[in-house]
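Chemist: So you can see what is in the structure, the chains are spelled out below.
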Amino acid sequence: VIRLPLAEGTTRDDVDDLASALGLRLVNIVPRTDAFPAQLVYVTNDGATAAHLVDHEGALTWILRGEESDEARWAEALRQAAEGAS
Amino acid sequence: VIPVRPRLAEHALPRRHLVDGVEMVVIHDARSGALVRMDPRTWEMIASADGTRDVDALLLAVSRRGVLRRASEVRAALAQLHEAGLLADGIAYAPPAAEAPGDRPLDVLAGFTLTCDGRGACCATYGSVLFTPLEAARARSLRPEVLGAGERQARGFLPERGAGDEEGALAVALVDGRCAYLAADGRCSLHALGGAEAKPRGCRVYPATFVDDGEAVRVSVGVECACVLASVGRAGGAPLVPEGAKVRADLLPGTRVAMLPETVAPTANERAPRASFVAWSRRVLAWIDGAGDPLAFLGSLAAAVEARGLDLPEAPAAGAVDLAAMVPALVARAEARAAAADGWRAAADRSRLASHAIVAAARRLAQPAGLAAALAGGPSREDERFYLRALLHGHALAGEVLVEALRERALRLALARAMPGPHALAEVEAMMRGHGLAG
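From first to last, the protein sequence lines stand for chains A and B.
Everything in the first sequence is counted per my numbering, starting at 3 for the first residue and increasing by one.
Everything in the second sequence is counted per my numbering, starting at 15 for the first residue and increasing by one.
Honestly, the hints are just simulated from the structure, not real lab data.
Treat the hints loosely; a few may be bogus.
Pair by pair, the computed Cβ-Cβ distance ranges are [said to hold, decoys possible]:
| # | chain 1 | residue 1 | chain 2 | residue 2 | range |
| --- | --- | --- | --- | --- | --- |
| 1 | B | L207 | A | T35 | 54 to 62 Å |
| 2 | A | D15 | B | A362 | 33 to 41 Å |
| 3 | B | G209 | A | D15 | 47 to 55 Å |
| 4 | A | P39 | B | H370 | 37 to 45 Å |
| 5 | A | T63 | B | A71 | 20 to 28 Å |
| 6 | A | T63 | B | T66 | 31 to 39 Å |
| 7 | B | E97 | A | H58 | 28 to 36 Å |
| 8 | A | G11 | B | P147 | 43 to 51 Å |
| 9 | B | L156 | A | D15 | 40 to 48 Å |
| 10 | A | T63 | B | V18 | 26 to 34 Å |
For every residue, glycine included, the Cβ atom is placed at its ideal position computed from N, Cα and C.
Can you build the whole structure from these sequences, using the hints too?
Modeler: What follows is the structure in structure tokens.
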């Protein structure tokens, strides 16, 4: 599992644009509960990696779950895309 | 706050248009005549809002279809539709429509057969050309290349109203206001390839109207096509019902037969049982030929109904018709409609051209001399007498306040008289009903 915090001030539109650019497909929206933060769940376009965007009281973090090499590859792609956007 | 489980309301009529080569979806408000335009991709995001999903679930449905851009765009589009009064909450429930009994006799408008000129004017006039799902499937199979609808139904067809359902009627996409299956020569390409059976039922029975009034199914015509008026007094055209048809069950399967309401409104403050209305229409039909100027007759009939209700023992005496007070509102409606059409319809769009012709005629009526000329009538008004017969035989005024409807039709006659062309009345009627110009 790779955790990738997003820069402060990242908006939902920024996330949507990034997901759209990378071909991530939104597959679930999990509302916040007392036990868990809110999440948007994406899968990568090859279906191999899940990308959870966790919203913990406004702090956004990508959590990538998949094969180790895929996680690293997608983490890098997300990092570059976020830097490109900013 | 947008609805929890949004869907397009029943009075929202989504239509796909290709306008000068640019694709768009226009959502018409059948109640107000207003419209909301959106690009096809935004429509694709909205199309999944069918009342079964909250917004998050809608986003997932849109994502599954691969058309999600920004969640904020979906919310903004929903907010725009909601602000326009075009959204409802939750699934729709439509009670099953009452149907006329199969043995109900047909009462067909006498002496009329239709000679179609084959130029496709009617196929380029209306905002809605409806297909059943089977008819749409047949059309897509016959001409799969049209708008790419052979591969994807939604490229060529959208629900008739609201979010639609799998079994509901579908409205074909329009290209510069013309049915997408209308060929350049004005002929129906479905007819050309597959015969008359390949056309949707609505086109095959057009311009016939069917109303069950509790005694019979009145079969009449909508006077909305020049061919109808050109057919008056001509023999040898197509009959309004299949040869030998005597009862409701003999009509083309699936023919929509409207039900006359249990009561009608002679005036705004009065209701009358439909049997009284049916008897009234029968009496008035008998008066038309000897009634003189049809416009004046409508005016005096309205005055008589206002004074005495439906119980008119004899034809009302001819009297003056005061339309002047109605003209300014007509001008305003016509100008608004033309301006709206200018905003998005193609320059060659037939309904846009007609809306401008109507503005010009309405402005003529706004001049005292223009109105006086229209009221003066002309040498032959057989087409107008036919129009009255078709209206009354078809119970076409039953859904309105009768007195107002009679005056409104008098105004339409005046408007048509102020327009050029021998059959302007058909254009006026089509624009009034089909494009929301009616008062």
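Chemist: Does each hint hold? Answer for all of them.
Modeler: Status of the hints after comparison with the structure:
1. Checked against the given bound of 54 to 62 Å, the beta carbons of B:L207 and A:T35, roughly 59 Å apart, stay inside it.
2. One distance hint, 33 to 41 Å for the beta-carbon pair A:D15 and B:A362, holds here, with the actual separation near 40 Å.
3. Here the CB-CB span from B:G209 to A:D15 is close to 53 Å, well matched to the stated 47 to 55 Å.
4. About 59 Å separates the C-beta atoms of A:P39 and B:H370, a value inconsistent with the hinted range of 37 to 45 Å.
5. Between A:T63 and B:A71, the C-beta spacing of about 24 Å keeps the proposed range 20 to 28 Å intact.
6. Checked against the given bound of 31 to 39 Å, the beta carbons of A:T63 and B:T66, roughly 32 Å apart, stay inside it.
7. At about 34 Å, the CB distance of B:E97 to A:H58 agrees with the hint of 28 to 36 Å.
8. A C-beta distance of roughly 49 Å is found between A:G11 and B:P147, which places it inside the suggested range of 43 to 51 Å.
9. At roughly 44 Å, the beta carbons of B:L156 and A:D15 sit within the given window of 40 to 48 Å.
10. At about 29 Å, the CB distance of A:T63 to B:V18 agrees with the hint of 26 to 34 Å.
In terms of the numbered hints stated before, the structure departs from hint 4 and from no other.
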